[in-house]
Amino acid sequence: MLINCVAYQNGRKLADIPVDQIHLFVHEPDCFVWVALGDPEPAELEVMQSEFGLHELAVEDARHGHQRPKIEEYGESLFVVLQMIEPSDGDLNVGEVAIFVVKNYVLSVRSRAKRGFTDVRERCEKEPELLRHGPGYVLYALMDAVVDRYFPILDAVETELENVEERIFANQAVRANIEALYGLKQKLMVLKHAAEPLLEATSKLFGGRVPAICVGLQDYFRDVYDHLVRLNQSIDSQRDMVTTAITVNLSLIALQEGEVTKRLAAYAALVAVPTMIVGVYGMNFDYMPELRSPYGYPVTLGVIAAIDAYLFYRFRKSGWL
Amino acid sequence: MLINCVAYQNGRKLADIPVDQIHLFVHEPDCFVWVALGDPEPAELEVMQSEFGLHELAVEDARHGHQRPKIEEYGESLFVVLQMIEPSDGDLNVGEVAIFVVKNYVLSVRSRAKRGFTDVRERCEKEPELLRHGPGYVLYALMDAVVDRYFPILDAVETELENVEERIFANQAVRANIEALYGLKQKLMVLKHAAEPLLEATSKLFGGRVPAICVGLQDYFRDVYDHLVRLNQSIDSQRDMVTTAITVNLSLIALQEGEVTKRLAAYAALVAVPTMIVGVYGMNFDYMPELRSPYGYPVTLGVIAAIDAYLFYRFRKSGWL
Amino acid sequence: MLINCVAYQNGRKLADIPVDQIHLFVHEPDCFVWVALGDPEPAELEVMQSEFGLHELAVEDARHGHQRPKIEEYGESLFVVLQMIEPSDGDLNVGEVAIFVVKNYVLSVRSRAKRGFTDVRERCEKEPELLRHGPGYVLYALMDAVVDRYFPILDAVETELENVEERIFANQAVRANIEALYGLKQKLMVLKHAAEPLLEATSKLFGGRVPAICVGLQDYFRDVYDHLVRLNQSIDSQRDMVTTAITVNLSLIALQEGEVTKRLAAYAALVAVPTMIVGVYGMNFDYMPELRSPYGYPVTLGVIAAIDAYLFYRFRKSGWL
Amino acid sequence: MLINCVAYQNGRKLADIPVDQIHLFVHEPDCFVWVALGDPEPAELEVMQSEFGLHELAVEDARHGHQRPKIEEYGESLFVVLQMIEPSDGDLNVGEVAIFVVKNYVLSVRSRAKRGFTDVRERCEKEPELLRHGPGYVLYALMDAVVDRYFPILDAVETELENVEERIFANQAVRANIEALYGLKQKLMVLKHAAEPLLEATSKLFGGRVPAICVGLQDYFRDVYDHLVRLNQSIDSQRDMVTTAITVNLSLIALQEGEVTKRLAAYAALVAVPTMIVGVYGMNFDYMPELRSPYGYPVTLGVIAAIDAYLFYRFRKSGWL
Amino acid sequence: MLINCVAYQNGRKLADIPVDQIHLFVHEPDCFVWVALGDPEPAELEVMQSEFGLHELAVEDARHGHQRPKIEEYGESLFVVLQMIEPSDGDLNVGEVAIFVVKNYVLSVRSRAKRGFTDVRERCEKEPELLRHGPGYVLYALMDAVVDRYFPILDAVETELENVEERIFANQAVRANIEALYGLKQKLMVLKHAAEPLLEATSKLFGGRVPAICVGLQDYFRDVYDHLVRLNQSIDSQRDMVTTAITVNLSLIALQEGEVTKRLAAYAALVAVPTMIVGVYGMNFDYMPELRSPYGYPVTLGVIAAIDAYLFYRFRKSGWL
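Protein chains in written order, with my numbering: chain A, 1 to 321; chain B, 322 to 642; chain C, 643 to 963; chain D, 964 to 1284; chain E, 1285 to 1605.
Extracted from the complex, chain A is given alone in its bound form (with noise of 0.2 Å):
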């Protein structure tokens, strides 16, 4: 699906544009076409590669979609992969935008993603002084928002974690907490997955040698492998917290264990002497004063309580009740 196909000139927006005028525009001076598709048919991808001469292995992996973020280059232009992850339904969906970059054009393919770049358009339209890079600019404008869209996930992850934490300490929810911690690992897995190989490929956009679309950029693309080295950091922690969370709450377990074993220890003491006390004066003896005392049973009864008063003050003390 055709979602928008705008041609800039010196940064500033010349027109929307249908498909089949590209070429007349790629090849004006200071100008280029930035194309944007969501969910596309292989149709319509497939007269995009025409247009713009896109490499085989580049289309057939925005075609098969599922690819890992990646950033290749195809003789001058570049070819970016990257991971868009959206909350839904408590588990988080992984969408997928891939960006074709050249001197002229930028084609940017979302695929299972609901939202979109529009407001990145937007934002760049309102900088007309930025966006006249060219489509270097608007790779390092698409990159930025995505990765910025990584934080809130992380956060909400972050909170997640926090209330498990304090439900894990107060003893509550025992088995939710286990399940909710797993399916935090879960998630940091996949935020990883989005993350982590792009740290890698971002370096090559600012140190060294760089892409000829990104020169002049290099500050801005540091900014990007700044902000994912920041997010990297925290999905480790997180995930070194979430193992550590596992683990103490094990210990948690056990400790509880430990308590209620002594606690039914406590109660059952409090019920076996008494038995064992009355069993005494079920013997059938001849001869036993005390059950010929008229003060027998009532005193009988009077020990034992008194002994299941003191016992229960001792458990209570020790902490077991």
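All the given hints hold, so there is nothing to weed out.
Taking lysine-lysine pairs in the DSS-like style, the calculated list, with each CA pair at most 25 Å apart, reads:
| # | chain 1 | residue 1 | chain 2 | residue 2 |
| --- | --- | --- | --- | --- |
| 1 | D | K1089 | D | K976 |
| 2 | C | K904 | C | K959 |
| 3 | C | K904 | B | K583 |
| 4 | D | K1167 | B | K391 |
| 5 | C | K846 | E | K1488 |
| 6 | C | K846 | E | K1354 |
| 7 | E | K1546 | A | K262 |
| 8 | E | K1354 | E | K1476 |
| 9 | E | K1476 | D | K1033 |
| 10 | B | K638 | D | K1225 |
| 11 | C | K846 | A | K204 |
| 12 | A | K262 | B | K583 |
| 13 | C | K846 | C | K712 |
| 14 | A | K192 | B | K513 |
| 15 | E | K1546 | D | K1225 |
| 16 | E | K1601 | D | K1225 |
| 17 | A | K262 | D | K1225 |
| 18 | E | K1546 | B | K583 |
| 19 | E | K1297 | E | K1387 |
| 20 | A | K70 | B | K513 |
| 21 | B | K435 | B | K391 |
| 22 | A | K262 | B | K638 |
| 23 | A | K192 | C | K712 |
| 24 | C | K834 | A | K192 |
| 25 | A | K70 | B | K525 |
| 26 | D | K1280 | B | K583 |
| 27 | A | K192 | A | K70 |
| 28 | A | K70 | A | K204 |
| 29 | C | K834 | E | K1354 |
Since the hints were made in silico from the structure, they are not lab data.
Given chain A's structure and the hints, the job is docking chains B, C, D and E onto it.
Below, chains B, C, D and E without anything else, positioned relative to chain A:
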């Protein structure tokens, strides 16, 4: 066992040829011979060695089998070993294909694997414009096929892991889950052994200096490399998740044991308290007014029933029963 | 909030100057201006940006805060971000100082941190022979101060870990220990985030090519680097020890539960055996000679007491009680 | 102890020679001497040192033994230390062979190892066209032999691990399994110590600049390297599996304890419920009609039997018994 | 405290000299001065600093102590810090030696360590042909001595680990074992902190460009490096084994608890079954023929004994008792 022996010119099949005519074709211009052997006898390999002048150490490796995946240069020729992984009875069978690639012939030797490469050959023959790249392209096609066949194996592992996860959190088949997780870890190990060594080896076929045979095909080998990176990353994630699942499972076992302990204790209480009470009235004191009352017995039974009902209600309410 | 704005010449303080006179001093020979801001308003930063011609992305980073520690070159100037870690209510507060270093001025922007750098400035002013190195030396002095302030934090963590260790092996406050260990792990994470990225960044200030501003000060930056290496190593060791302590704690919990089980079982035996014996003499057989004997009852009680005494002795001896 | 001292020319054995004639042969063209010592006296080593002019530090290492595996260049000569691992009484015995390789002699010093290298020498003598490569080839042959001997050791470990795995999942010999897994981990450590340092050392014998003695034999040393890579990878996998097996075993122990708890609880119920019921009829109420009935006793016994039968059926059905 | 101050020429001791004559000797040809300080006063260090012109930052480090091991170049001089580890009351005491090496003098400053380097000096003076290499050789001799002293420490740790292992598998002193393992981990950490940083530092003294002072001594420093590699590897292995031992210990604790549970349950059964039976004959039914029989009581006791004997036999057979 000879499977195929075909001569190609300019990417098109010339003819099936007998082994002893290979030397006639390998010196023709734009011509190359593609031979496929399956579980060959030592004698067959020797014929090939003398026919093609293969390096002794490489032939030795192909004969012995059980090599690690690798790509070695012997002068101008390449010797490639790939592991072929096939599911068999819930387990993974590890076969091998050794590929000798020289300027104008390709020899693939498949061992201990059921599925061959007829489909690869057919696809190659349908695209003569690619096959005319010669033996390098055949190598790419074989590597691509082998690597692509890893993915369904990994997907099966992933599906099985998801099933185990579900059963873990549903508290079903605990013992079987542990065994399944251990088995998954073993399978991931097998996959890792196949994919990881290949990763580094493949990287030498497209970046910087590449073997002469692979020149012009770098984008293709980078594509294979890319698949391998993705594969390796998925393997690592799943290994991590399996380890986490084992730990989580241990927590759940501990947790469930705690729950069972509580349930048992609750039932024990329902039996122990009545036992204590009936013990009281089993005492032989002369003066126990309740024993004399005609209502003593039914009231005692009623009190016992009431106490148990109350305990049952409390246990149920606090989740112990 | 402007904290300080001072002009220096040849390492000696010239005067406190108002912000709008900065440009008069930065072009004097051997002269530089050192400005310190604290939690600045956006407007204050804008003034500095235009006054000093700071790079937009760097100013953006300083404004947003929550950056990872880093050292970036923008042309001939350096942009440095350091995290300031301060204890606050048993937790760690993470502030930040962003430092812009150019040939003849230094701007430090402190955010969300209580303790400033007045002591650093004073020490610098006491050593004019060092301060005459200019902005590079100020950068060193600030980095040295920030890194030195990490050590007492780490020492506090170490002391707390030692306390927890003692309590663990003394079997005290088990639940609190687990929570404390988890908290220590989080604190070490915070320290690691502050120190680790700085390690690599600092290494670029003394080995091989160094930014012009740092030339002649390599030995000093190597000293900072050295402290960071030591810090990182200590953090890693302590993280490792915390993890080990958590595992060891789990073992001790399991062990103690086993000991409690044994103690409970011993007490249960002291009650169950008498219950069995008195049950025997509660039987209603017509012919039970003991029942008829006047010594039956006291002897039985004596035997029960003897058995319990013996059991108690045995349990005590084998360490169950 | 002198084991062998043989002079070779053009790859063919000339003669067994006495030690004091070595210097006569080492200066002949295309001639080299191969000396083998076993657990030598210090005096024997001194003779060799002066005869061959060996470097003091290398001789010191050979004398002391207990070196890590390594390959060191001393000027134009090579000093190689390999660990020889031999099974002995279920444990692994670590011996050592130190090899001095110079242009026209090889000295191998074997220590604390039973099996020698007679077979290697014989095989070399059968292939004079390879042996004429000189001392470098002898080095290859010795390294190849030592590394090849690691594989059966590792295979034995693998087999033992498989046996333990089977016993683990069959719930047999739990304590012995834990001890066996710990022992396997120790053995894998021994193997790792032998193989890992060699990996890096060997890599210097075939890639880039290689010692003069190894020139022309790079393909052979790459083959040894390849075996070492495979070995190391297998060791790492098995170490990982042993760790996983230990964890899995812990889960199974916890699980089995839970099962035992349930079974015990079931049996306890089968005893406790009758105890409660008979307690009821042990009460001494005057008015308990059942006590008067001639069927009271048999009916009670029958009811008890029925309840226990029902409980037994329920427990069996839910898998507790 | 000044320990030694000796002038050497051509590797032979000239004389013990007073500190204020050092400058007379350091300019003699082939002459160098070797000064040793122990826990020096700040004033002593200042004398040395001015006498030898030492770099301020290095002196600062020597004064403060508690540095990480390192080798730093200050111009043509070397500044080396080594940690000295000495056992003290079952714990490890970490001292330090800082070594300043210049063309014609060596200053070693030992802090917080009992054992000095008199033996090193004596050995050096016995080998004048080596000592004539000058200060570089003294550095080697000191480093060699310090590193060699790590080995008995590590051996002691290893022996202790073996003792703990034995006790673990013999089920003895479980609590003490856990504490011992934790202590071993801490000791290994101390050793690692001493040895690991030195590894990388030492590697700069023999490969590629080496400091002028070390030229000609590369083989010696490589030997030190080699020892460090071996040390580090052993430390890592033992850390790994300690971690494994902790886990294995946890398994054994869990296992033993299971065994105790079984034993307790068996004993409980031996008491509970008789209790149930005697309860039967405590019932007050009018019609219970057994009660009337003169053999009722002895037969009942006999049956109870028989049942317990049978149960005991079964429990013993199945390993519960």
